[in-house]
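Start from the sequences and build out the full structure, keeping to the hints where you can.
Chains as they are written, first to last, in the numbering used here: chain A, 1 to 241; chain B, 242 to 556.
Bear in mind the hints are in silico, worked out from the structure with no lab data behind them.
This structure is a prediction, so every number in the text was calculated from the model and none was measured.
For glycine and all other residues, C-beta sits at the position ideal for the given N, C-alpha and C.
Mixed in with the good hints, there may be bad ones.
Partial list, derived from the structure: chain B residues whose beta carbon lies under 7 Å from chain A [unchecked claim]:
id: 1; residue: Val291
id: 2; residue: Leu292
id: 3; residue: His311
id: 4; residue: Arg314
id: 5; residue: Arg315
id: 6; residue: Phe319
id: 7; residue: Thr323
id: 8; residue: Pro325
id: 9; residue: Asp329
id: 10; residue: Phe338
id: 11; residue: Glu341
id: 12; residue: Leu342
id: 13; residue: Arg343
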Amino acid sequence: MSTTLLIARRELTGYFRTMTGYIIAGILLLAQGLFFNALVLSQGEMLSAEVLSGYFFYAFGLTVAASLFISMRLLAEERQTGTLVLLTSSPVHDWEIVVGKYLSGLAFLAIVTVTSVYIPALILVNGKISFGHLFAGYLGVMLAGSAGLAIGLFGSALARNQILAVIYSTILTLVMVMAHFLSRVTDPPFKDTFMALALYARHFPAFQSGTIHLRDVIYYIAVVYMALFASIRVMEARRWK
Amino acid sequence: MIEVKGLTKYYGELAAIHDLDFSIERGEVIGFLGLNGAGKTTALKILGCVLLPTAGDVTVDGIDIARDPHAVRRRIGFLPDTPPLYNDMTVGAYLKFAAELRRVPSSEAAKAVTEAEEKTATRDVHDQPIFSLSHGFRQRVGVAQALVHKPKLLILDEPTSGLDPVQIVEMRATIRALRGEHTVLLSSHILSEISQTCDRLLVIQRGEIVAQGSEEDLAARLGGGGTIEVEVLAPSARAIEVARTVTGVGACSVLREAGGVALLSLEGAADLRPKVVRALVQNGIDLLRIDRGAARLESIFLKLTQTKDGDGRPQ
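The following block contains the structure:
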């Protein structure tokens with residue numbers, strides 16, 4: 001087994017050996033169910049596609065928020081408890097540590113996301129949903145969650161402890177979500193730049209309504225790449241400190 | 242095994258270690274001795290390839306740690322001052338993870354874990370979760386993870402830190418058993434631990450090596466130091482009178498006298514013990530016990546770390 005997968009496997013089992021994983025998964029599923037019931041189904045008569053779109057809107061926000069909590073422990077907790085030295089003194093590249101940790105978070109997020117499928121499936125009780133819409137929406141949710149995880153991992157690489165990690169990554173995520181507001185009050189070329197950076201407004205609504213654009217997929221992958229790249233650089237820099 | 246030249250590490254403006262030079266031969270057990278904050282941990286972290294130096298050259302087994310840290314990491318086992326243990330894992334699962342992380346093939350990992358557990362007497366807690374272990378067992382599991390991949394060099398930072406006296410004795414025995422198979426570099430500020438475990442000492446003070454050599458070398462170079470403890474069944478005055486006739490014995494003092502038994506402390510090197518024994522016996526004094534004084538290494542250490550003007554710089 002490659003070192004990256006070895007680290008990922010240990011981390012993933014770590015989520016299930018402690019209460020942290022169950023708590024995050026439980027809160028996410030509970031919140032998704034409550035939001036779906038209280039804010040989507042209470043809107044009166046709606047088309048099934050609109051109900052599904054509404055579900056994905058809330059799923060986006062809740063999944064990105066959960067991803068920050070899932071990833072806050074990945075490096076900061078190890079630094080806090082002193083276990084990071086086990087990895088950094090072993091013949092393991094810093095990128096293997098970062099990618100291994102990231103993959104564990106991604107696998108955990110995927111498991112939790114799959115278990116939420118029952119919620120949109122409830123629409124089938126009184127309506128019809130398109131499999132394509134469901135697939136596109138979940139693809140978007142997973143891509144946004146992946147971006148959130150990578151940003152969270154970057155915060156975790158920077159911070160001394162988990163609380164600081166989640167604060168750093170929340171600030172960064174909010175800035176990226178709010179970028180489209182900045183685009184409204186700025187002139188070109190900043191207007192387009194801010195809009196292109198917006199984590200939700202520019203790139204998620206298409207997934208929400210069941211459409212997959214390659215540019216949106218590439219955007220989320222690019223966010224993941226940049227955040228992981230920055231995390232690796234932080235890890236490398238810490239060897240000098 | 243290890244060659245260190247001009248090793249320097251700055252944290253901002255502060256030099257944690259400055260221009261360290263030393264070498265360690267294969268199979269030696271070396272003690273890194275220094276007060277808290279002397280720079281031991283920083284030096285060991287650099288040798289453990291966790292930190293990068295600001296300047297200087299370090300080679301382990303002929304490999305430069307800056308050019309090929311991976312090759313060096315395969316050859317070392319590192320126990321930091323806080324053992325890097327995952328509390329949620331069992332000892333066996335943790336050691337298997339550590340072995341595979343150090344590139345021990347999966348098929349051989351179980352055997353490597355068993356061997357490491359046997360060397361560190363942790364076999365009995367193989368299936369126990371780490372969070373349930375006592376401090377002594379946690380330290381031992383920390384040593385086990387450092388040697389599970391059979392590294393040539395073991396770096397142990399304060400391996401007896403926080404242990405009770407029984408656990409300290411057990412840990413010393415564990416480290417002594419590693420002699421020969423591994424080169425061991427351990428740090429401590431506990432003098433007796435260094436004295437009883439190591440072949441040679443590196444004394445570090447304010448980030449600089451202020452002395453190196455065996456305890457005997459250092460004692461000879463720094464004016465002898467050391468004491469001999471003698472327990473005799475005779476009046477202390479008579480015993481002191483006889484002991485003073487031995488060339489090399491300096492000031493004598495009575496540590497305890499009760500029930501006709503006197504415990505004396507004689508200033509002098511440990512190798513004077515046979516002469517003292519002969520002198521006492523030839524003069525009809527019954528000898529109950531003779532040993533090197535506990536203060537020997539302390540006196541060397543204090544000499545090396547005494548400060549001028551309280552600024553912490555060695556004299």
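Evaluation of the provided hints:
1. Taken as an interface hint, Val291/B checks out: its beta carbon lies about 5 Å from the nearest beta carbon of chain A, inside 7 Å.
2. This hint holds: Leu292/B has a C-beta 6 Å from the nearest C-beta of chain A, less than the 7 Å allowed.
3. The beta carbon of His311/B is positioned within 7 Å of a beta carbon in chain A (closest approach about 5 Å), and the interface hint is therefore held.
4. Against a cut-off of 7 Å between C-beta atoms, the interface hint on Arg314/B holds, since the closest Cβ of chain A lies about 4 Å away.
5. Annotation: interface hint on Arg315/B holds; nearest CB of chain A at approximately 5 Å, less than 7 Å.
6. This hint holds: Phe319/B has a C-beta 4 Å from the nearest C-beta of chain A, less than the 7 Å allowed.
7. Given hint, Thr323/B at the interface with chain A, holds; its Cβ is 4 Å from that chain's nearest Cβ, closer than 7 Å.
8. Hint status for Pro325/B relative to chain A: holds, with the closest Cβ pair at about 4 Å, below 7 Å.
9. For Asp329/B, the interface hint holds, the least distance from its beta-carbon to any beta-carbon of chain A being 4 Å, beneath 7 Å.
10. Given hint, Phe338/B at the interface with chain A, holds; its Cβ is 6 Å from that chain's nearest Cβ, closer than 7 Å.
11. Among the interface hints, the one on Glu341/B holds; its C-beta lies about 6 Å from the nearest C-beta in chain A, closer than the 7 Å criterion.
12. Interface hint at Leu342/B: satisfied, since its Cβ lies 4 Å from the closest Cβ of chain A, which is below the 7 Å cut-off.
13. Hint status for Arg343/B relative to chain A: holds, with the closest Cβ pair at about 5 Å, below 7 Å.
In this structure, none of the earlier numbered hints is contradicted; all agree with it.
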